[in-house]
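**Student:** Produce the entire structure from the sequences given, and follow the hints as far as they go.
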Amino acid sequence: MLFFKKKNKESGIESAPETISAERDKNSETDLSALEKENSSRDPRVPLLVADHLVYEYSRGTNQLVRALDDVSFTIRKGEFIGLIGHTGSGKSTLVQHLNALLSPVSGTVYFNGEDVFEKGYDRKKLRSKVGLVFQYPEHQLFEETVFADVCFGPKNIGMSRKQAELTAYETIKKVGLPDECFYQSPFDLSGGQKRRVAIAGVLAMKPELLVLDEPTAGLDPKGREEILTMIDSLRSDGDMAIVLVSHSMEDVAQYADRIMVIEKGKKLFDGTPHEVFSHIKELDEIGLAAPEMSYVMRDLKKAGIDVNTNILTVSEARDEILRALG
Amino acid sequence: MGIVDINKVTFEYIRRDEEGNVEGITTAVDGVSLSVKPGEFIAILGHNGSGKSTLAKQINAMLFPTEGTVVVDGLDTNNEDNLLQIRQTAGMVFQNPDNQIIGQIVDEEVGFGPENLGVPTEEILQRVEESLKVLGMYEYRHKSPNRLSGGQKQRVSIASVIAMHPKCIVFDEPTAMLDPKGRFEVIQAARALNDVEKITIILITHYMEEVVDADRVFVMDKGKIAMSGTPREIFSRVSELKDLRLTVPQVTELAWELKKSGIPIRDGILTREELTEELKKYISLRKKERP
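Protein chains in written order, with my numbering: chain A, 163 to 489; chain B, 21 to 311.
Since the hints were made in silico from the structure, they are not lab data.
Among the clues, some could well be false.
[Unchecked claim] Straight-line Cα separation of at most 25 Å, BS3-like style, residue types lysine-lysine; simulated pairs:
id, chain 1, residue 1, chain 2, residue 2
1, B, K308, A, K464
2, A, K465, B, K308
3, B, K201, A, K429
4, A, K385, B, K153
5, A, K464, A, K429
6, A, K240, A, K429
7, B, K262, A, K427
8, A, K464, B, K301
9, A, K385, B, K300
10, A, K385, B, K262
11, A, K464, B, K57
12, A, K385, B, K307
13, B, K163, B, K153
14, A, K427, B, K201
15, A, K465, B, K301
16, A, K465, B, K300
17, A, K465, B, K244
18, A, K465, B, K307
19, A, K464, B, K279
**Tutor:** Next up, the structure:
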């Protein structure tokens with residue numbers, strides 16, 4: 163919220179773009195429009211999912227009550243790539259499980275394409291194909307005899323015809339960059355990075371509008387990390403699927419996400435572009451996170467009297483800035 | 021003689037299809053020789069499937085060489101009578117703290133190892149206290165492990181290993197699942213055990229930043245040791261590492277990029293301090309040339 167307000171003030175853009183007002187009219191029976199006004203960052207992209215004042219508590223009714231989510235609100239727009247960061251136990255995973263209604267909030271709600279997903283009669287099974295969740299170590303969930311069968315399972319399960327499911331599976335396996343000879347191999351014979359691609363393909367084959375990935379690169383070698391992230395990034399190019407990437411690597415979210423949300427003690431602490439969020443280096447250090455390594459390098463150089471901009475996140479940005487400063 | 025002597029070790033496993041017919045043989049470790057001196061801190065890098073974990077599991081006798089020998093503190097792992105003692109000498113810490121913690125309470129967890137070894141009760145209590153203090157987890161001794169953060173859980177796992185008084189600890193990607201603070205805690209703990217307690221450390225990781233302080237680094241590829249040397253020597257070979265699906269610490273990469281752009285910086289920069297010094301040197305040199 164902090165950033166939205168700041169951004170509005172700075173940009174000074176007055177009127178909301180056409181698309182948003184159209185979306186608002188359509189949903190006028192909910193209080194979405196008021197919410198949207200509050201949340202709006204004047205972004206022309208159509209809102210896809212709105213989290214509205216989510217509160218979640220574990221161990222209710224005992225003396226061990228934990229408030230895992232505390233009044234969290236945000237809007238995810240079509241085509242966005244959001245990095246979600248926070249230390250272990252900050253509430254990230256709890257939040258993610260609200261996005262496809264695996265957990266129901268104590269208060270507040272989630273709107274998906276303008277509809278309240280916790281309302282009675284809402285088709286939550288369908289929602290789970292529209293909001294695809296890729297859990298940590300998703301390759302542990304592979305079970306079919308061949309890669310192709312494994313990827314077909316999801317689309318068949320949500321009611322696609324066999325032919326349709328196979329066609330979708332074929333396209334998806336291609337899209338995640340697996341070679342043709344993998345199709346009829348057992349997924350268990352593949353390498354770690356390839357297994358993970360199969361698992362991601364299984365979720366993608368259900369054609370989600372929002373893809374949520376919980377640490378998709380954990381345990382992979384540097385090249386494997388880069389390959390998976392580049393693949394995920396490329397998924398946006400042919401459609402307007404939005405992506406939420408949960409990660410412990412500040413360098414990765416800085417490089418790939420166009421917006422970052424920081425969760426701390428169940429609250430949304432920061433929400434903005436990578437450069438905005440990582441300018442709060444001190445606060446991030448205090449809560450056990452960090453800024454990308456390059457931010458620290460630039461801060462050191464500035465302290466040593468080299469006149470550089472310290473709001474730098476990636477190696478190539480750092481190189482360009484140092485070359486500029488050295489003239 | 022080293023604390024760990026790996027001598028021409030090859031490890032093969034047989035792939036079978038569903039009916040149990042042999043499909044082929046995979047050589048995970050291929051003729052590796054490596055000797056670790058007592059008190060050393062060594063790191064093993066390598067891409068997924070390069071054989072580094074398979075090699076590590078030979079060190080505390082979870083796997084046995086198909087060919088060659090592994091000798092831990094004078095004990096050959098091929099001799100079954102040595103197993104118990106080898107596993108006390110060489111402890112192991114794995115990737116996922118949740119898979120290796122079994123106790124209901126922290127001190128119970130840490131006491132499990134020595135209890136199993138038949139250590140007298142008085143001494144168990146003493147060892148638990150001392151191990152938890154070394155890892156800075158003493159104040160959590162009465163907590164349930166599932167209430168701890170990832171870094172704290174991993175430190176409890178390390179304390180459980182320490183309580184068995186090992187001479188050597190093998191860390192197999194101990195930070196892969198942790199947030200930045202957790203990663204820092206675990207690596208700092210490993211360094212402290214090496215510096216203060218003189219325990220030999222063998223660290224396997226995918227995070228290049230974690231190995232810059234190691235005494236020696238080995239890079240594995242296709243079951244063989246492809247590169248070995250000090251961190252500075254290894255990280256000077258940027259393009260070779262990239263060919264092996266690895267990378268270098270970001271600071272090293274930045275220095276390398278700047279050098280490619282024509283700024284004279286020496287190879288193998290490992291820390292922010294070194295980079296700052298190099299750039300300061302360059303600027304003052306340039307001032308002298310062009311006052």
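**Student:** With reference to the structure, classify each hint as holding or not holding.
**Tutor:** Quick rundown of the hints versus the structure:
A C-alpha spacing of about 21 Å is found between K308 of chain B and K464 of chain A, which places the hinted pair at or below 25 Å, so the restraint holds. As the CA atoms of K465 of chain A and K308 of chain B are separated by approximately 22 Å, the hinted pair is consistent with the 25 Å bound. Of the pairs offered as hints, the one joining K201 of chain B and K429 of chain A holds, with about 19 Å between alpha carbons and a cut-off of 25 Å not exceeded. Proximity of K385 of chain A to K153 of chain B is assessed by CA-CA distance (about 38 Å); at most 25 Å being required, the pair is judged violated.
The hinted pair formed by K464 of chain A and K429 of chain A fails the criterion: a straight-line CA distance of about 33 Å is larger than 25 Å. Taken as a hint, the K240 of chain A and K429 of chain A pair is honoured in the structure, with Cα atoms around 24 Å apart against an allowance of 25 Å. With a CA separation close to 38 Å, the supplied pair K262 of chain B and K427 of chain A exceeds the 25 Å bound. Among the hinted pairs, K464 of chain A with K301 of chain B is consistent with the structure: their alpha-carbon atoms are about 15 Å apart, no more than 25 Å.
Among the hinted pairs, K385 of chain A with K300 of chain B is inconsistent with the structure: their alpha-carbon atoms are about 32 Å apart, more than 25 Å. Taken as a hint, the K385 of chain A and K262 of chain B pair is honoured in the structure, with Cα atoms around 8 Å apart against an allowance of 25 Å. Between the alpha carbons of K464 of chain A and K57 of chain B the distance comes to roughly 41 Å, so the proposed pair goes past 25 Å and is violated. For the given pair, K385 of chain A sits about 40 Å from K307 of chain B by alpha-carbon distance, which is inconsistent with the 25 Å threshold.
In summary, the hint linking K163 of chain B to K153 of chain B is supported, as the alpha carbons are separated by about 15 Å, within the 25 Å threshold. For the hint linking K427 of chain A to K201 of chain B, the alpha-carbon distance of about 15 Å falls within 25 Å, and the restraint holds. Restraint check for K465 of chain A and K301 of chain B: satisfied, since their Cα atoms lie roughly 15 Å apart, inside the 25 Å limit. As the CA atoms of K465 of chain A and K300 of chain B are separated by approximately 11 Å, the hinted pair is consistent with the 25 Å bound.
With a C-alpha separation of about 44 Å, the suggested pairing of K465 of chain A with K244 of chain B is violated against the 25 Å cut-off. At roughly 19 Å between alpha-carbon atoms, K465 of chain A and K307 of chain B fall within 25 Å of each other, so this suggested pair holds. Between the alpha carbons of K464 of chain A and K279 of chain B the distance comes to roughly 20 Å, so the proposed pair stays at or under 25 Å and holds.
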